[in-house]
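With the hints as extra help, turn the sequences into a complete structure.
Next come the chains, spelled out residue by residue.
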Amino acid sequence: MKERQCGKNLAMHHIQMESRWAKLKGSKFEALTVFLTLLLAAFVLAVLVCVVAHTTPEALLESIASSEIQFAIKLSLLTSIISTALAIIIGIPIAYSLARYNIPLKSLINTLVDLPLALPPLVAGVGLLLFFTTPLGEALEEVGFRFVFTPWGIVLAQFLVNVPFTIRVLRSTFESINPRYEYVAQTLGCSPMQAFLRVSLPMSKRGILAGSVITWSSAMGEFGAVLMLAGATRLRTETLPISIYLNMLCGDLDMAIAASSILIFISFLSLFIFEKYSGGHAY
Amino acid sequence: MGRCRITSIFISLFLVVILALSAGIFAGAKLSINAESPAEPTLRVATGSPGELGLMDALIKPFEEEYHCQVKVIKASTGQGLDLGRKGEVELTIGHSKEALDRYMAQGYGIDRSPLMHNYFVIVGPKDDPAGIRGFADLTQAHLRIAETGSLYLSRGDEGGMHKREKAIWRELGIAPTSDWYKVSHDFMMASLKMADELGAYHMADSSTWTVMKGKLDNLALLVLGEPNRYEVAAVNPAKFPNVNYKLARQFIEYITSPQGQAIIRDFGKDEYGEPLYYPDAQATHGEQGTLLVYCGAGMRKPMDEIGRLFEDRYGVEVNYNHAGSGQLLSQMQLTKRGDIYMPGATYYFDIAKDKVFIEYHKLVAYHIPVIAVPEGNPANITCLNDLANPGVRVILGDPKACAIGKLADKILEKNGILDEVKKNVIARTVTVNELVLYVSIRKADVSIVWKSSLLEAEDKTDVLEIPEKQNIIRIISIGTLTFSENKDKAREFMDFVTSDEGKAVWEKFGYASYPDGK
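Residue numbers (my numbering), protein chains in the order written: chain P, 1 to 283; chain H, 1 to 519.
It is possible that some hints are incorrect.
Lysine-lysine pairs mimicking DSS-like chemistry, simulated, CA-CA at most 25 angstroms apart [as the list claims (entries may be wrong)]:
hint : chain 1 : residue 1 : chain 2 : residue 2
1    : P       : Lys74     : H       : Lys509
2    : H       : Lys423    : P       : Lys74
3    : H       : Lys354    : H       : Lys127
4    : H       : Lys411    : H       : Lys401
5    : P       : Lys74     : H       : Lys424
6    : H       : Lys98     : H       : Lys164
7    : H       : Lys98     : H       : Lys240
8    : H       : Lys337    : H       : Lys72
9    : H       : Lys270    : H       : Lys167
Think of the hints as simulated: they come from the structure by calculation, not from any bench. Nothing here was measured: the structure is a model prediction, and the numbers come from that model.
Printed below as a string of structure tokens:
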């Protein structure tokens with residue numbers, strides 16, 4: 001009896017040992033990971049505080065009230081809202097098609113659409129600038145589509161860099177909605193378009209809102225592509241990030257900090273909204 | 001037992017004999033050393049201020065101990081020292097007149113000539129600086145200002161090395177000083193400095209003597225740090241005078257040019273005066289090399305890159321550039337308080353840097369000439385400056401806060417009364433001149449105002465229109481060493497190299513007119 005149980009006991013013991021070992025390992029591992037997390041959080045916080053706390057609140061408010069920063073705020077808001085609206089309007093049908101239909105060469109198209117996401121925005125900007133030196137680009141400019149050195153260039157640059165992001169968020173939203181709702185709507189007499197507009201679109205409201213906010217936030221912060229295509233001309237193509245750049249390199253730290261602080265505030269706000277509405281699993 | 005006793009007596013005796021003998025040997029040896037000491041080999045070295053300021057004492061002591069010899073320093077100016085060599089009355093001469101040493105070597109009296117160290121020619125003067133020469137790095141320019149303003153000047157008038165240098169400057173300028181502002185001391189450097197202090201006069205000296213004396217001079221300030229004053233050492237040729245101790249002279253030269261000797265030179269006076277009196281020359285490639293950080297306006301990248309490479313080859317000092325808009329560089333310097341040299345595209349930024357006390361010494365380098373740049377074929381038919389104001393012309397200019405050409409273009413347009421009209425045509429402003437050239441050459445703008453030199457590599461894609469001198473504003477490029485440099489000596493050498501004949505040749509190669517010039 002004892003002999004027979006011995007093997008069982010041994011196995012039990014082994015399992016116990018292992019779990020104890022795992023526990024022990026787990027606790028050290030846990031401590032390490034938590035420590036790293038806290039360290040990074042503290043570092044991020046320190047970096048942000050450094051920006052905001054570099055000047056006095058009075059100087060900060062004064063800089064924010066200056067005509068240059070006011071211009072930058074208005075231009076940033078205007079261009080980013082337009083480019084976000086465009087990204088959403090164009091992104092919805094594209095995301096829907098990628099989520100629902102079997103397109104030939106789907107994976108290749110997917111990769112191409114996603115590519116600007118992985119590409120440094122500067123490269124996208126150089127590409128855009130060079131595009132407008134080609135005969136096609138020149139012709140577009142002749143007809144009146146002027147993008148080089150203009151605020152429209154800012155919109156275009158923001159759009160190109162951010163639209164893949166919008167599409168990704170929207171696509172995963174559509175993918176999370178069961179197509180059977182649309183089938184049911186169609187059996188009840190809706191056309192496919194009506195089914196989309198009346199059923200899927202209202203159901204993806206939260207995802208679209210989250211996508212808009214995150215797209216808008218990164219449009220506000222877009223720098224590299226804007227610099228290349230629209231240039232950095234004071235009071236003309238001076239968005240908030242361009243304002244940071246111009247004032248930083250001319251030694252006007254207060255102005256640069258004012259613009260930075262506004263962008264930090266916007267980032268916090270939009271991240272908060274995004275987390276709230278996307279449920280944390282938007283893409 | 002008896003045998004034992006006898007043996008021990010013998011052993012004792014033996015020991016006593018040995019002790020006595022060894023004592024005798026030691027005493028004898030000691031005697032012989034004492035007897036030899038008056039005949040210890042002697043080395044005679046002729047030199048001027050390095051002896052006066054105490055450097056020679058610091059150098060000699062370790063040498064005397066190691067080689068069991070005596071070194072005698074004979075106080076003499078370079079000319080006198082070389083004459084002593086010509087008579088075979090010294091083994092070595094340390095002097096600071098290249099021409100005199102050249103002659104000495106050519107005549108065959110000298111052998112084993114070697115660079116040793118340097119200090120600098122300086123001009124000191126009244127603290128309020130009536131002639132306005134503070135910060136000049138060029139002795140000739142400073143002397144010209146002194147003469148032009150008729151400011152009181154004290155000359156040594158002793159036909160020594162310093163006086164010879166001074167006379168050469170007046171000759172170069174074609175100025176014969178007149179007694180109403182020109183005084184003569186007929187005395188040595190320390191005494192002359194005191195006299196200049198009492199008179200409130202400008203005076204040319206060397207940096208080492210100034211460093212030692214400045215604590216005792218109330219009214220004078222260091223105004224100009226001129227070119228290096230280089231000291232060399234040469235032995236007397238044993239073929240001419242077999243009686244000189246050439247072997248010891250040779251050992252002394254090897255010693256003072258070794259890392260050990262050069263370190264003594266480098267550290268001499270540092271503790272007492274807070275800065276070195278002399279800068280070693282002999283171990284330039286082995287000693288402290290360091291790197292130089294040069295803040296250089298983006299428009300001057302090409303000539304400065306080439307000059308930097310030449311300098312690295314010559315001096316083994318690595319030169320790192322920070323190329324950006326001149327204003328951008330200024331703010332970088334302000335934030336980091338690091339680096340050795342500043343060289344912006346326009347004096348405007350240089351003056352700001354001077355006001356902020358970033359610049360220690362400066363020199364004028366070359367002329368920077370603004371021109372009108374258009375894409376090849378001139379699509380907007382620009383013929384003169386006024387055409388920039390024509391309706392519909394796409395003008396691109398530099399950002400006036402960020403780069404020198406932006407600031408200057410606005411000034412030129414303002415001078416010609418068309419700034420407001422042209423501003424309506426400005427489609428963009430850039431941060432550096434190179435961007436302007438790029439945008440014009442890819443035809444994204446019809447016209448720009450850029451430095452002539454910045455178009456050098458874009459010749460096939462752009463056309464140039466010169467701006468008539470009356471309408472134009474030509475800038476002089478300045479270079480300056482930075483007050484927070486940790487490598488001031490090398491920074492100074494680099495600045496001198498940029499303005500040397502070799503440097504000037506590079507400037508001209510890249511389309512600049514070097515300074516000074518007839519223009």
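Hint check, failures only: 1, 8, 9
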